[in-house]
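Trainee: What follows is each chain in one-letter form.
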Amino acid sequence: MTYVASRVLSSLGVLLGAFTLAFVLLQALPGDAVMIRFENPELGLTAEQIAAIRESYGADSGLLAEYWHALSGALGGDLGYSVASGAPVRVLVGEALGSTLLLAGLGFVAAVLLAGLLAFAASLSPFSWLATLLRSLPSLFISVPVFWLGIVLIQLFSFRLGWISVIRPGPVEALILPVLTLAVPISAPLAQVLLRAIDDVRAQPFVAVVRAKGASEPWLLVRNVLRNAALPAMTIAGVLLGELIGGAVVTETVFARFGIGRLTADALNAQDTPVLQAIVIIAAAVFVVVNLAVDLLAPVLDPRLRRRVQA
Amino acid sequence: MSRSVRPLAAVAAAVSAVALLAACGSGSAGTGDATDAANGTSDASGDAEAAGDVQTGGELLYLEYQAYDTLYPPASGFYPNGGLIANITDKLVFQDPVTLEFSPWLATDWAMNDDATEYTFNLRPDVTFSDGTPLDAEVVAKNFDLYGTGDPDRGFAVSEQINNYAGSEVVDEDTVIFRFSAPAPGFLQATSANGAGILSSATLDGDADAFAAGNATNVVGTGPFVITDETVGSELVLTAREDYDWAPEESEHQGRAYLDSVRFTVTPEDSVRIGALTSGQADLIRYVQAYDEEQVTSAGLQLFAPQTQGVNNSLSLRFTNEILSDLKVRQALVAGVNTQELVDTVFTENYPAATGVLSHTALGYVDLSDQLAYDPEKAKTLLDEAGWVPGADGIRAKDGKTLTLVASEAKPQPLSRDTLTLISQQLKEIGVDLQILAADSGTYATAMKDPNQVQLYHSMVGRTDLDVIKSQFHSKNRNALLSNDAELDSLLEAVASTPDPQVRLDASAAAQRYLVDNAYVIPLFEEPQVYGAQNYVHGFGWDSIARPKFYDTWLEQ
Amino acid sequence: MTLELERNVPDPADETPDGLRSPIDVDPEGRTSLAATAERAPAPWRRVLPWLSVGLAFAVVALVVAWALAPGLFTAQDPYTGVPADKLAPPSAAHWFGTDPTGRDLFTRVVYGARYSLLGGTVAVGVGLVAGTALGVIAGSIGGFLDELLMRVVDVLLSIPGLLLSLSVIILLGFGTTNAAIAVGVTSVAAFARLSRSEVVRVRRTEYVEAAFGSGGRWWSVLLRHVLPNSLTAVLALAALQFGTAVLAISTLGFLGYGAPPPTPEWGLLISEGRSHLATSWWLTTLPGLVVVVVVLSANRISGWISERREGAR
Numbered sequence: 001m002t003y004v005a006s007r008v009l010s011s012l013g014v015l016l017g018a019f020t021l022a023f024v025l026l027q028a029l030p031g032d033a034v035m036i037r038f039e040n041p042e043l044g045l046t047a048e049q050i051a052a053i054r055e056s057y058g059a060d061s062g063l064l065a066e067y068w069h070a071l072s073g074a075l076g077g078d079l080g081y082s083v084a085s086g087a088p089v090r091v092l093v094g095e096a097l098g099s100t101l102l103l104a105g106l107g108f109v110a111a112v113l114l115a116g117l118l119a120f121a122a123s124l125s126p127f128s129w130l131a132t133l134l135r136s137l138p139s140l141f142i143s144v145p146v147f148w149l150g151i152v153l154i155q156l157f158s159f160r161l162g163w164i165s166v167i168r169p170g171p172v173e174a175l176i177l178p179v180l181t182l183a184v185p186i187s188a189p190l191a192q193v194l195l196r197a198i199d200d201v202r203a204q205p206f207v208a209v210v211r212a213k214g215a216s217e218p219w220l221l222v223r224n225v226l227r228n229a230a231l232p233a234m235t236i237a238g239v240l241l242g243e244l245i246g247g248a249v250v251t252e253t254v255f256a257r258f259g260i261g262r263l264t265a266d267a268l269n270a271q272d273t274p275v276l277q278a279i280v281i282i283a284a285a286v287f288v289v290v291n292l293a294v295d296l297l298a299p300v301l302d303p304r305l306r307r308r309v310q311a
Numbered sequence: 001m002s003r004s005v006r007p008l009a010a011v012a013a014a015v016s017a018v019a020l021l022a023a024c025g026s027g028s029a030g031t032g033d034a035t036d037a038a039n040g041t042s043d044a045s046g047d048a049e050a051a052g053d054v055q056t057g058g059e060l061l062y063l064e065y066q067a068y069d070t071l072y073p074p075a076s077g078f079y080p081n082g083g084l085i086a087n088i089t090d091k092l093v094f095q096d097p098v099t100l101e102f103s104p105w106l107a108t109d110w111a112m113n114d115d116a117t118e119y120t121f122n123l124r125p126d127v128t129f130s131d132g133t134p135l136d137a138e139v140v141a142k143n144f145d146l147y148g149t150g151d152p153d154r155g156f157a158v159s160e161q162i163n164n165y166a167g168s169e170v171v172d173e174d175t176v177i178f179r180f181s182a183p184a185p186g187f188l189q190a191t192s193a194n195g196a197g198i199l200s201s202a203t204l205d206g207d208a209d210a211f212a213a214g215n216a217t218n219v220v221g222t223g224p225f226v227i228t229d230e231t232v233g234s235e236l237v238l239t240a241r242e243d244y245d246w247a248p249e250e251s252e253h254q255g256r257a258y259l260d261s262v263r264f265t266v267t268p269e270d271s272v273r274i275g276a277l278t279s280g281q282a283d284l285i286r287y288v289q290a291y292d293e294e295q296v297t298s299a300g301l302q303l304f305a306p307q308t309q310g311v312n313n314s315l316s317l318r319f320t321n322e323i324l325s326d327l328k329v330r331q332a333l334v335a336g337v338n339t340q341e342l343v344d345t346v347f348t349e350n351y352p353a354a355t356g357v358l359s360h361t362a363l364g365y366v367d368l369s370d371q372l373a374y375d376p377e378k379a380k381t382l383l384d385e386a387g388w389v390p391g392a393d394g395i396r397a398k399d400g401k402t403l404t405l406v407a408s409e410a411k412p413q414p415l416s417r418d419t420l421t422l423i424s425q426q427l428k429e430i431g432v433d434l435q436i437l438a439a440d441s442g443t444y445a446t447a448m449k450d451p452n453q454v455q456l457y458h459s460m461v462g463r464t465d466l467d468v469i470k471s472q473f474h475s476k477n478r479n480a481l482l483s484n485d486a487e488l489d490s491l492l493e494a495v496a497s498t499p500d501p502q503v504r505l506d507a508s509a510a511a512q513r514y515l516v517d518n519a520y521v522i523p524l525f526e527e528p529q530v531y532g533a534q535n536y537v538h539g540f541g542w543d544s545i546a547r548p549k550f551y552d553t554w555l556e557q
Numbered sequence: 001m002t003l004e005l006e007r008n009v010p011d012p013a014d015e016t017p018d019g020l021r022s023p024i025d026v027d028p029e030g031r032t033s034l035a036a037t038a039e040r041a042p043a044p045w046r047r048v049l050p051w052l053s054v055g056l057a058f059a060v061v062a063l064v065v066a067w068a069l070a071p072g073l074f075t076a077q078d079p080y081t082g083v084p085a086d087k088l089a090p091p092s093a094a095h096w097f098g099t100d101p102t103g104r105d106l107f108t109r110v111v112y113g114a115r116y117s118l119l120g121g122t123v124a125v126g127v128g129l130v131a132g133t134a135l136g137v138i139a140g141s142i143g144g145f146l147d148e149l150l151m152r153v154v155d156v157l158l159s160i161p162g163l164l165l166s167l168s169v170i171i172l173l174g175f176g177t178t179n180a181a182i183a184v185g186v187t188s189v190a191a192f193a194r195l196s197r198s199e200v201v202r203v204r205r206t207e208y209v210e211a212a213f214g215s216g217g218r219w220w221s222v223l224l225r226h227v228l229p230n231s232l233t234a235v236l237a238l239a240a241l242q243f244g245t246a247v248l249a250i251s252t253l254g255f256l257g258y259g260a261p262p263p264t265p266e267w268g269l270l271i272s273e274g275r276s277h278l279a280t281s282w283w284l285t286t287l288p289g290l291v292v293v294v295v296v297l298s299a300n301r302i303s304g305w306i307s308e309r310r311e312g313a314r
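Chains as they are written, first to last, in this note's numbering: chain A, 1 to 311; chain B, 1 to 557; chain C, 1 to 314.
Hints may be right or wrong, so weigh each one.
Here are the simulated SDA-like pairs of lysine to any residue, each with C-alpha atoms no more than 25 angstroms apart in a straight line [to be verified]: (1) B/428 <-> C/103; (2) B/328 <-> B/381; (3) C/87 <-> C/74; (4) C/87 <-> A/152; (5) B/449 <-> A/52; (6) B/449 <-> A/51; (7) B/398 <-> B/435; (8) B/401 <-> B/341; (9) C/87 <-> B/381; (10) B/401 <-> C/74; (11) B/428 <-> C/72; (12) A/213 <-> A/226; (13) B/328 <-> B/217.
Covered stretches of chain C, going by a simulated chain B footprint (3 or more residues, C-beta under 8 angstroms) [what the hints assert, rightly or not]: (14) 101 to 109; (15) 169 to 181; (16) 243 to 251; (17) 274 to 280.
The set of hints was computed from the structure by calculation and includes no laboratory data. Every value quoted in this text rests on a predicted model; they were computed, and no experiment measured them. Even glycine gets a Cβ: it sits at the ideal position worked out from N, Cα and C.
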């Protein structure tokens, strides 16, 4: 129990750390949102007018005061208002989060399926050349720039073949290409974990015994591999979350989707600190929760660990 | 009162005739685009009949390059803002995009006193905002009071198009008088521009945030379209008003817009916009890049390239910088840039090489191509005279300082990066090292205001009034030059504050000559807005500075 | 994560965490033959193939390094000045990779760009390696509260989305090849810290190191003589892997508009500037893209080879 309590406590510490680091980083950026929004010469404002606007926005108050304001607001669930648009951050992030969760969730599921398919196909392939080919695919998957992949997929499937519409597509249609784009690089490390687990299982002596007793190999693999691979796959999942957000920035830009990724890129461009702060809180919270879950679940999944933790 | 319209319209006609004469005098540059660009609408006359009867209904899918950032009309210079304001608001006066003549719209007639310090407008009686409130003198006065004086407390700027504004007087329900502290001859044109789109009283009560992204559905005008749905940063739906019945007299039709709705979808990737058009997924797209024009035409689709008819796309030389304070260095830069090669390499015939400070279709245009000619030998001589001698790597230096200059890459300008890359190659020939500034928006915003960080500023501005030159160069407006030149300012003020039309034309010509004589600018090309459309899109139009207008647009089904 | 857990779980996260792109841990082929030997005799070419691919990977890296050091040996053209009349020419004998919108030879730009991209990758890995390894070694060697604290700091770094972190760092430092590389390097600090820490902890628990401590060796001399050399291969494998990842990450920054300033022929910038021409001039983005893919694949292969040797040696 104390173990759980200490883990939760340190998770909260990580959350606070992320919030503070983000705050310091964003405050240190040159320029600020008010300046970026109003100094655009296309707006035709004079220097005096901009100065007056700055003053009216209270753009220059103390650093500690701002930190405390942001932190206490965040604790109370008040994320403030976007400087670039004036919209409540809660609304902006709320609108964006649903779309990104759907994209990232499906992307992750697709990545797992793709990785599983690849790993098992490589392991069970009757042709060694095919196995070698399949095994080298993950390396290729992570060597391709994501934005490039997205643009190529659109050119090919949407513009050349005309199979999928990228502008105003149906709800399912809208997700096919972005999910694929997001899934390809994510699937690579997962496939590697699975391949490694499969090899480990196959190298174990009991496999030969079970096989001699007449169990079919696919079934054997699936059962044992899943058990062996679950833990590393879960651990990796926690890390991949951050990547899903990074991937979403690129994917959402290429596919003109609105979501957390696009919001992040736009907010950073406008140095819209309240929005960025909220995104960091959400990302860090998800990271912390997933890692906490992995840590707490690990002993359940692997009896060897249970002993050590208790010892 | 209505009689007073005539003299004014005559003045406008005279002014535009002068402009057209000047344009014809400039020779053949840019005739290639005349068929498309000068029409003002995609169906000139024959096309509408050829396509059959006008059909009402349907939704047009319009792909926009950037997301809008505010719907405050004076900030409509930014294309995405202007494209929306042009369709959801009406203006007091209509300006024909081709002849540039004025005709009634929300105002039935108007008059101005002799020194252009007082304008009286009579309003149509039957106009309502989309929230149901009527348009009256009270609300029109409120609009111009805000645009003319701004309100820093609420984050509102003064419109760059309204000069010398003093105040308004509501005479009766449909008569309003505007007064000016000094002559404001450009005001009539200002009332026809997107910068003076009329909004409802409730809308004007909000602060700047109420006009920013996320609040578009609350911005209420009298226009043929109403914003009914918004997804921040990605999509807007403009729905036609059934009861709209106050189109300009000159308009091709009256009554509601033909389309049921227009869907503005922000698609920043160039390749996706163009691919969506050629594969039939989108109806109309803005910002077809020059290298993609052929894709549109070879697919048999429509390409429109209306000109923005203002200050040309140019590089402003910030002469307050130490290196550029030398006239000879500035003249060398002007002579060292080959705009024809630029246009041939990076652009197409829809982007005519500049022949002066202003576009050849702009009011008051003066052909100054003699002084802007490409002459690398002259450039080298000038730099030699100025004391800059070539170093081992070909880049010139003086007193241990290399001749390195920085140009700003401007995202809203078409192919700014390719343009500057090529100019950098050209200037290298004469021994000038031109760097291209790439920075985040915060750093960029600061650097742009510092002549020691950005010496060559890439920009343009569109407005069909002589005042446009003041907007771009006056130290109290956009101040592209970061100028401290009082003589330039007074020349520009003369343009904006002289009531006599002919004197204004002369003043504008004087300002243009001054800018070129002092080598303050390198005019590059005349900037169009390039749209691509499916063949079933008819009647697509644009205003005098090429912002899209969907009122007459219809889809052949 | 507790110490016990990290030590005992085969934890790929320890080797992978990184914001922009999760790297791959080992190469496939070597393991294939291991697993397969149990049942059937491998074809001769399958024993040769892994070595062939390693050789090829080293050859690619050597070639690219040569490009970076002496680009003039590989091309006679100017990477910055083109012939405007020859713009957008498809690949030909004169222009192997075609030309760009201002008529510059793309192959020449790729060759000259090697310098920036390799430098970028190296600096990124260097930042991650030095800062991360220092953190990890200190945490792993000293242990206790400091270990716990430093690892939480690493968690904080991991919890902020990597792309957001590197974009902020870039804005903070300003645009440029080196700054972009530092920004990408910052996101890999956590990966190196976790790996080196778990390596140090592993090595410390081996008998001879315990013996070295037992015989009165001071911790830093033991660290230098036993712990560091033994942890090195794992860190090296990660470094090779991160190199490929960094090159990709830098190109992603270029795509988002935060890359090297033009006209730097940095590879990521070439790919991202050429992408708008994909439909009409495919070579502009495809060929530099292929170069990046081949180099990243080679770096990954070398990383895998280092890991295999390490496991073979154990």
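Trainee: Is the hinted pair residue 401 of chain B and residue 74 of chain C satisfied, with a Cα-Cα distance of at most 25 angstroms?
Mentor: 33 angstroms, violated
Trainee: Tell me if the straight-line CA distance from residue 87 of chain C to residue 74 of chain C falls inside 25 angstroms.
Mentor: Holds, because 22 angstroms separates the two Cα atoms, which is no more than 25 angstroms.
Trainee: Would you check chain B against the segment 274 to 280 of chain C, counting CB to CB pairs closer than 8 angstroms, and say if three or more residues qualify?
Mentor: holds (count 6)
Trainee: Verify this for me: three or more residues of the segment 101 to 109 of chain C with a beta carbon less than 8 angstroms from a beta carbon of chain B.
Mentor: holds (count 3)
Trainee: Under the criterion that the straight-line Cα-Cα distance not exceed 25 angstroms, is the pair residue 328 of chain B, residue 381 of chain B satisfied?
Mentor: 9 angstroms, holds
Trainee: For the segment 169 to 181 of chain C, count the residues whose Cβ lies under 8 angstroms from any Cβ of chain B; is that count three or more?
Mentor: The restraint on the segment 169 to 181 of chain C holds, since 4 of its residues have a Cβ under 8 angstroms from chain B and three suffice.
Trainee: Is residue 449 of chain B close enough to residue 52 of chain A, meaning Cα to Cα at most 25 angstroms?
Mentor: 17 angstroms, holds
Trainee: Starting from residue 449 of chain B, check that the Cα of residue 51 of chain A is at most 25 angstroms away, please.
Mentor: 14 angstroms, holds
Trainee: Taking 25 angstroms as the top limit, are the C-alpha atoms of residue 213 of chain A and residue 226 of chain A close enough?
Mentor: 21 angstroms, holds
Trainee: Verify the proposed pairing of residue 87 of chain C with residue 381 of chain B, using a straight-line Cα cut of 25 angstroms.
Mentor: Given pair residue 87 of chain C, residue 381 of chain B is violated - Cα atoms ~30 angstroms apart, limit 25 angstroms.
Trainee: Would you mind confirming whether the straight-line C-alpha gap from residue 328 of chain B to residue 217 of chain B stays at or under 25 angstroms?
Mentor: 53 angstroms, violated
Trainee: Within 25 angstroms, alpha carbon to alpha carbon, are residue 398 of chain B and residue 435 of chain B?
Mentor: Holds: residue 398 of chain B and residue 435 of chain B sit about 18 angstroms apart, inside 25 angstroms.
Hints 8, 9, 10, 13, 16 from the list above are not met by this structure, while the remaining hints are.
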